[in-house]
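So the chains spell out like this:
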Amino acid sequence: DQQVKQNSPSLSVQEGRISILNCDYTNSMFDYFLWYKKYPAEGPTFLISISSIKDKNEDGRFTVFLNKSAKHLSLHIVPSQPGDSAVYFCAIFNTDKLIFGTGTRLQVFP
Amino acid sequence: NAGVMQNPRHLVRRRGQEARLRCSPMKGHSHVYWYRQLPEEGLKFMVYLQKENIIDESGMPKERFSAEFPKEGPSILRIQQVVRGDSAAYFCASSSGLNTEAFFGQGTRLTVV
Numbered sequence: 003d004q005q006v007k008q009n010s011p012s013l014s015v016q017e018g019r020i021s022i023l024n025c026d027y028t029n030s031m032f033d034y035f036l037w038y039k040k041y042p043a044e045g046p047t048f049l050i051s052i053s054s055i056k057d058k059n060e061d062g063r064f065t066v067f068l069n070k071s072a073k074h075l076s077l078h079i080v081p082s083q084p085g086d087s088a089v090y091f092c093a094i095f096n097t098d099k100l101i102f103g104t105g106t107r108l109q110v111f112p
Numbered sequence: 019n020a021g022v023m024q025n026p027r028h029l030v031r032r033r034g035q036e037a038r039l040r041c042s043p044m045k046g047h048s049h050v051y052w053y054r055q056l057p058e059e060g061l062k063f064m065v066y067l068q069k070e071n072i073i074d075e076s077g078m079p080k081e082r083f084s085a086e087f088p089k090e091g092p093s094i095l096r097i098q099q100v101v102r103g104d105s106a107a108y109f110c111a112s113s114s115g116l117n118t119e120a121f122f123g124q125g126t127r128l129t130v131v
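Here the protein sequences come in this chain order: A and B. Counting from 3, one number per residue, gives the positions in the first sequence under this note's numbering. Counting from 19, one number per residue, gives the positions in the second sequence under this note's numbering.
In case anyone wonders, no lab produced these hints; they're calculated from the structure. Every value quoted in this text rests on a predicted model; they were computed, and no experiment measured them. Among these hints, one or two may not hold up.
Have a look at the derived ranges for each label pair, beta carbon to beta carbon [claimed, not checked]:
| # | chain 1 | residue 1 | chain 2 | residue 2 | range |
| --- | --- | --- | --- | --- | --- |
| 1 | A | Gly-62 | B | Pro-88 | 36 to 46 angstroms |
| 2 | A | Gln-5 | B | Glu-119 | 17 to 27 angstroms |
| 3 | A | Gln-5 | B | Arg-82 | 36 to 46 angstroms |
No residue lacks a Cβ here, since even glycine has one placed at the ideal position from N, Cα and C.
Here chain B stands alone, though its shape is the one from the complex (with noise of 0.2 angstroms):
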């Protein structure tokens, strides 16, 4: 859905390199979600996020990974010092609430060297 805009498409690291991805939500959307797709496998929960605030990171790895959502601005997930095995497409989905639909944008494909 072309609303939900994400940049980079494609970013390439080396190992140990910081990554920044962005993501912008749906004009009057508040909820963010950020998933992270391995090849060959399913798109998995990472962090969910209001503005200002971490709601849900139970599927954030607890080092190198973090989450904001500022009161201005997009989303940000930034991974430090990262590894090849975070290589994914990574992302993100806004929502206006809980239990309604939520839009994904393009994605973000990481590749770590």
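Isolated chain A, as found in the complex (with noise of 0.2 angstroms):
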């Protein structure tokens, strides 16, 4: 069973538009969530956070939604930039355990 759901294997955004990611998770008792980005090759770096008592945080072009009733993250990046090209993945803290969603291939092109 998937806890974890990132249903958008890929997604082509042009630069400077803003890149939208989606993920959805299971269990609304599942508090705290974090954004990944990688690249081939590399380790995840750590991008963004949110915790359940809060419906938005903000770094710079990085903005994550939390729509607890719906269960529902989002990764808004504006304005998209060609570096911005990875894989991204969405992660919960299941007890003590970071969960990872399949990952959304994002491809910025100009």
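Taking the hints as your guide, dock the two standalone chains into a single complex.
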């Protein structure tokens, strides 16, 4: 059973536009959520996090939104840049471990 | 994140040999996690350790795999009698506690020939 789902395996966005990456989870008890970016042959890089007491957290071009009633998490990148092209994973703390989604490959084209 | 150090970066082993992967967490971090990424797949949790204790090994195969995080030195993921299906990227992450950011190393790419 997949507790964290990223239903879009890929996303293509033009440079300067907004990228929206989505993540759904199954357990309403989850209370800490993170986004990571991963380039090929490198480890995941932490981007931004949010706890369940908030519904929005912003850091520069990156904003994470949390909709607890829908059990849905999204990452907005605006404006998108070619260097943002990577695989993005959402992750959720389940008791004592981070559970990752399957990832969305973002491609930002000029 | 350069703070979490994994070595080696690449490891080639013949079937039946042992693979030993090392992870030094970031300074001040006492929580270590190991993940495996198979080609074209996501990151799968394997084990969570604190100093000298295995807290959660629910993602670890029951045989051939073991992990430790001794009081002194790095965390070690050991795979005995490797098989071709063990070929993957193994990532280590560390954090200062639960529900805080975990930072990853660059990974060890294991190839079993």
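How the hints compare with the structure:
For Gly-62 (chain A) and Pro-88 (chain B), the hinted distance range of 36 to 46 angstroms is satisfied, since their beta carbons lie about 39 angstroms from each other. Between Gln-5 (chain A) and Glu-119 (chain B) the C-beta distance comes to about 20 angstroms, which sits within the given range of 17 to 27 angstroms. The given range of 36 to 46 angstroms is broken by Gln-5 (chain A) and Arg-82 (chain B), whose C-beta atoms sit roughly 26 angstroms from each other.
The structure does not agree with numbered hint 3 stated previously, though it agrees with all others.
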